[in-house]
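Engineer: Sequence:
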Amino acid sequence: MLITEVRGNLHEQPLPDGTHLETITVPSAQLVKRIQRMRTDHGTEVGLRLPTGAPDL
Numbered sequence: 034m035l036i037t038e039v040r041g042n043l044h045e046q047p048l049p050d051g052t053h054l055e056t057i058t059v060p061s062a063q064l065v066k067r068i069q070r071m072r073t074d075h076g077t078e079v080g081l082r083l084p085t086g087a088p089d090l
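Each position in the sequence shown, counted from 1, maps to that position plus 33 in the numbering used here.
It should be emphasised that the hints constitute simulated quantities derived from the structure, not laboratory data. Yeah, the Cβ is synthetic: ideal placement off N, Cα and C, and Gly gets one too. A couple of the hints might just be wrong.
So the derived label-pair ranges between C-beta atoms look like this [to be verified]: (1) Gly51 with Pro84: 27 to 33 Å; (2) Gly51 with Thr77: 17 to 23 Å; (3) Ala87 with Leu43: 16 to 22 Å; (4) Gly41 with Gln63: 16 to 22 Å; (5) Ser61 with Thr85: 17 to 23 Å; (6) Leu48 with Ala87: 29 to 35 Å; (7) Asp50 with Arg70: 29 to 35 Å; (8) Ala87 with Gly51: 26 to 32 Å; (9) Thr85 with Pro47: 30 to 36 Å.
Construct the complete structure from the given sequences, taking the supplied hints into account.
Structural biologist: Rendered as structure tokens:
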């Protein structure tokens with residue numbers, strides 16, 4: 034899976050019932066990197082590729 038944009042914040046709006054949610058914890062030193070490979074808490078490998086000028090994570 035490739036993530037190319039941040040679409041929102043989970044704390045700003047409720048999720049619909051039955052939504053499958055996986056989380057990624059990003060260390061503060063990694064927040065400035067726009068391209069990286071990570072693993073969710075369920076073990077799913079994801080790639081992050083944010084465009085230049087995207088808001089900070």
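Engineer: With reference to the structure, classify each hint as holding or not holding.
Structural biologist: Each hint tested on the structure:
1. At roughly 31 Å, the beta-carbon separation of Gly51 and Pro84 lies within the given 27 to 33 Å, and the hint holds.
2. Between Gly51 and Thr77 the CB atoms are about 18 Å apart, so this pair conforms to the stated range of 17 to 23 Å.
3. Range check, Ala87 to Leu43: about 18 Å between beta-carbon atoms, so the 16 to 22 Å window is met.
4. Distance hint for Gly41 and Gln63: a CB-CB separation of about 21 Å, consistent with the stated range 16 to 22 Å.
5. Range check, Ser61 to Thr85: about 21 Å between beta-carbon atoms, so the 17 to 23 Å window is met.
6. The hinted window of 29 to 35 Å between Leu48 and Ala87 is violated, with their beta carbons roughly 23 Å apart.
7. Checking the proposed 29 to 35 Å range against Asp50 and Arg70 shows it holds: the Cβ atoms sit about 31 Å from each other.
8. At roughly 29 Å, the beta carbons of Ala87 and Gly51 sit within the given window of 26 to 32 Å.
9. Separation of Thr85 from Pro47 is about 32 Å and conforms to the stated range, judged on CB atoms against 30 to 36 Å.
Of the hints listed earlier, the one the structure fails to meet is number 6.
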